[in-house]
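One-letter residues, chain by chain:
Protein chains: 2
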Amino acid sequence: MLKIALDAMGGDFAPEVNILGAIEAVSDSEIEVILVGDEKKINEFLKEKKDFKGKVSVLNAEDQILMDENVSTAIRRKNTSMRKAIELVKEGKANAVLSAGNSGAMMALSFLLLGKLPNVDRPAIATVMPCLKGHFILLDAGANVDCKAEHLVQFAYMGDAYHKALFNSSNPRVALLSIGEEGTKGNEATKEAFRILKDSNLNFIGNIEGKDIFFGSADVVVCDGFVGNIVLKVGEGLAEALMKMLKREIADVITGRLGYIMIKPAIKSFRKKVDYSEYGGALLLGINGTSIICHGRSSAKAIKNAIKVAAEMAKKEIYRRISESLQNTEEMNESQNSINGLLCS
Amino acid sequence: MLKIALDAMGGDFAPEVNILGAIEAVSDSEIEVILVGDEKKINEFLKEKKDFKGKVSVLNAEDQILMDENVSTAIRRKNTSMRKAIELVKEGKANAVLSAGNSGAMMALSFLLLGKLPNVDRPAIATVMPCLKGHFILLDAGANVDCKAEHLVQFAYMGDAYHKALFNSSNPRVALLSIGEEGTKGNEATKEAFRILKDSNLNFIGNIEGKDIFFGSADVVVCDGFVGNIVLKVGEGLAEALMKMLKREIADVITGRLGYIMIKPAIKSFRKKVDYSEYGGALLLGINGTSIICHGRSSAKAIKNAIKVAAEMAKKEIYRRISESLQNTEEMNESQNSINGLLCS
Chain A
1 MLKIALDAMG GDFAPEVNIL GAIEAVSDSE IEVILVGDEK KINEFLKEKK
51 DFKGKVSVLN AEDQILMDEN VSTAIRRKNT SMRKAIELVK EGKANAVLSA
101 GNSGAMMALS FLLLGKLPNV DRPAIATVMP CLKGHFILLD AGANVDCKAE
151 HLVQFAYMGD AYHKALFNSS NPRVALLSIG EEGTKGNEAT KEAFRILKDS
201 NLNFIGNIEG KDIFFGSADV VVCDGFVGNI VLKVGEGLAE ALMKMLKREI
251 ADVITGRLGY IMIKPAIKSF RKKVDYSEYG GALLLGINGT SIICHGRSSA
301 KAIKNAIKVA AEMAKKEIYR RISESLQNTE EMNESQNSIN GLLCS
Chain B
1 MLKIALDAMG GDFAPEVNIL GAIEAVSDSE IEVILVGDEK KINEFLKEKK
51 DFKGKVSVLN AEDQILMDEN VSTAIRRKNT SMRKAIELVK EGKANAVLSA
101 GNSGAMMALS FLLLGKLPNV DRPAIATVMP CLKGHFILLD AGANVDCKAE
151 HLVQFAYMGD AYHKALFNSS NPRVALLSIG EEGTKGNEAT KEAFRILKDS
201 NLNFIGNIEG KDIFFGSADV VVCDGFVGNI VLKVGEGLAE ALMKMLKREI
251 ADVITGRLGY IMIKPAIKSF RKKVDYSEYG GALLLGINGT SIICHGRSSA
301 KAIKNAIKVA AEMAKKEIYR RISESLQNTE EMNESQNSIN GLLCS
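From first to last, the protein sequence lines are chains A and B. Each residue of the first sequence is one higher than the last, beginning at 1 in our numbering. Each residue of the second sequence is one higher than the last, beginning at 1 in our numbering.
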């Protein structure tokens with residue numbers, strides 16, 4: 001039985017959707033959820049529900065972090081639901097933690113309380129995105145804004161390990177997001193990272209351009225957090241804007257309304273495929289534990305899916321795999337350095 | 001009568017689409033086009049066409065720059081069609097130049113031969129992009145990969161002047177592309193640029209997030225060339241991928257095919273609105289002349305539209321406006337510095 005700590009007070013529709021998501025997640029799985037937050041509010045909501053078979057419990061937290069609160073002050077408060085949820089993992093009382101609340105605070109607190117893995121300079125946010133051929137992993141999606149080449153290289157290793165764990169893949173294609181396919185195209189950080197990655201033991205397929213990521217040309221797309229966050233949000237916004245523009249055009253055509261009714265099941269199925277809530281939040285890679293950041297607008301379904309992904313990643317001990325993967329890199333680099341040292345001496 | 005120099009040999013479908021685009025552009029306007037390239041090939045194509053009323057002429061160039069050629073060697077050759085076309089502007093024999101060829105070479109040669117404007121450190125590529133409420137200008141779309149705050153500030157001024165010239169607007173809303181609306185969110189360069197821009201005389205509306213650009217929340221969106229190029233190409237790729245995914249879903253639904261026929265005029269009109277070829281290429285801002293870089297896959301229609309935009313920008317002397325706008329900034333900064341000097345002394 002895996003125990004998942006959920007910050008019940010985080011997110012735009014908290015605590016309702018979090019509680020509903022938790023109940024849905026435990027109903028057909030070997031998962032227990034600990035809801036952390038305002039005990040009174042949560043219990044009031046829970047008492048109307050009878051179908052969670054004792055697999056949902058509550059841990060009281062008087063305080064909570066608001067969505068737009070300043071991170072540096074918010075993380076100092078001791079009794080917030082987010083902090084208490086993460087502490088459950090630290091104390092070994094839960095296998096993973098998730099929150100749809102203030103993402104900056106979630107990142108900072110996870111880092112602070114759980115610590116980072118050896119050989120990791122900076123933890124990264126990894127998101128699963130839909131594309132023509134299934135999905136790809138994009139990282140960093142917003143944890144680090146000014147990155148050096150060595151950070152991008154670490155992201156590549158972490159993304160590789162995550163893809164293998166999440167999709168049971170054996171040799172995911174790893175690419176650097178840049179502005180041209182040749183290794184000479186890009187900014188200083190990507191050009192240097194390209195040189196390091198092409199000699200790595202990853203299945204590095206080189207640079208990928210923005211136009212190709214949604215066609216499934218790579219399984220792991222690596223970039224700094226500034227670029228990654230913009231790509232993530234451009235994707236979200238553009239998909240929504242395009243559907244609105246298309247609907248407006250359809251309304252302007254005489255046969256459009258009838259046609260729209262006929263293609264509506266297709267649009268519904270399409271929306272489901274590009275809907276972020278199907279993919280269960282973003283995993284924080286590089287920290288010593290399993291921590292998932294959910295979209296602020298998460299629905300109950302999104303929370304349910306995120307809980308399941310959290311349980312799976314905790315079960316597969318993704319953080320241990322990443323640690324091992326980076327350990328190998330470190331050893332490789334060291335032996336390479338010794339060889340270089342011998343050659344130069 | 002405005003004279004436009006066109007690199008007839010540039011682009012994936014050269015010279016045919018370039019010649020056709022030129023003929024279409026001159027047919028209903030006060031524009032003359034000088035086709036620069038392989039005289040024999042061009043004339044062979046031209047002789048079958050009779051409807052250009054002597055407004056299309058040819059200048060021979062024996063050599064041409066290939067699409068994927070190394071820029072630094074390509075720009076040294078003296079007889080390329082691209083170089084000769086730009087020289088026409090330098091010599092005052094044409095009012096503007098355009099090419100759908102190697103964009104790196106077009107940028108470097110325009111910069112080299114025409115020179116940059118005073119007060120500009122780096123020229124930028126400005127593209128017009130469709131959104132829910134019309135269009136917005138994105139810059140830099142790929143000229144500068146590693147930017148400092150002062151470069152972003154110059155882009156903001158250049159984009160403002162371009163928007164005013166292109167859309168006859170009086171006070172375009174200028175925004176910085178970043179990862180949060182607050183000025184404290186972003187990377188080092190955007191945070192510093194935010195501080196400078198909020199005290200500028202531009203209509204600076206602050207940061208804009210990736211999800212909002214396609215909803216028309218800003219008229220001018222400023223970012224470095226690495227980010228801008230990725231956003232441009234993510235937009236292009238995602239729109240294409242989404243339409244493919246939607247079509248696949250429609251084909252899977254029983255009533256889908258009939259529905260699709262009924263909404264087809266809407267899809268056509270939609271495609272036209274999001275089609276890059278409607279917006280006539282990207283203008284190189286900050287150089288001493290009018291130079292337009294067209295998409296390598298430009299159709300005849302795209303070339304025609306680009307020629308018309310080139311003529312309009314030449315007529316409005318956009319580069320002089322930018323120069324004046326940046327001159328004002330310089331003077332403002334100087335007087336601000338004098339005031340600061342007085343206060344500190």
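Be aware that a few hints might be false.
Note that the list lumps identical chains together, so a pair holds whenever it fits in one copy or between two copies.
[As the list claims (entries may be wrong)] Listed next, the in silico DSSO-like pairs over lysine-lysine satisfying Cα-Cα at most 27 Å (straight line): (1) K244 x K264; (2) K49 x K133; (3) K164 x K55; (4) K90 x K316; (5) K268 x K211; (6) K301 x K211; (7) K264 x K247; (8) K116 x K55; (9) K211 x K116; (10) K148 x K50.
These are computed hints drawn from the structure, not numbers from a lab. Bear in mind the structure is a predicted one, so any value in this text is a computation, not a measurement.
Hint-by-hint comparison with the structure:
1. K244 x K264: Classified as both; 14 Å inside a copy, 16 Å across copies.
2. K49 x K133: neither (39 Å within a copy, 45 Å between copies)
3. K164 x K55: neither (30 Å within a copy, 62 Å between copies)
4. K90 x K316: Close inside one copy (18 Å), not across copies (65 Å); limit 27 Å.
5. K268 x K211: Classified as both; 25 Å inside a copy, 21 Å across copies.
6. K301 x K211: Classified as between; 22 Å across copies, 30 Å inside a copy.
7. K264 x K247: Intra 11 Å, inter 12 Å, cutoff 27 Å: intra and inter.
8. K116 x K55: Neither, since 30 Å and 68 Å both go past 27 Å.
9. K211 x K116: The answer is neither: 34 Å in one copy and 31 Å across copies each exceed 27 Å.
10. K148 x K50: neither (52 Å within a copy, 58 Å between copies)
The structure shown violates the earlier hints numbered 2, 3, 8, 9 and 10.
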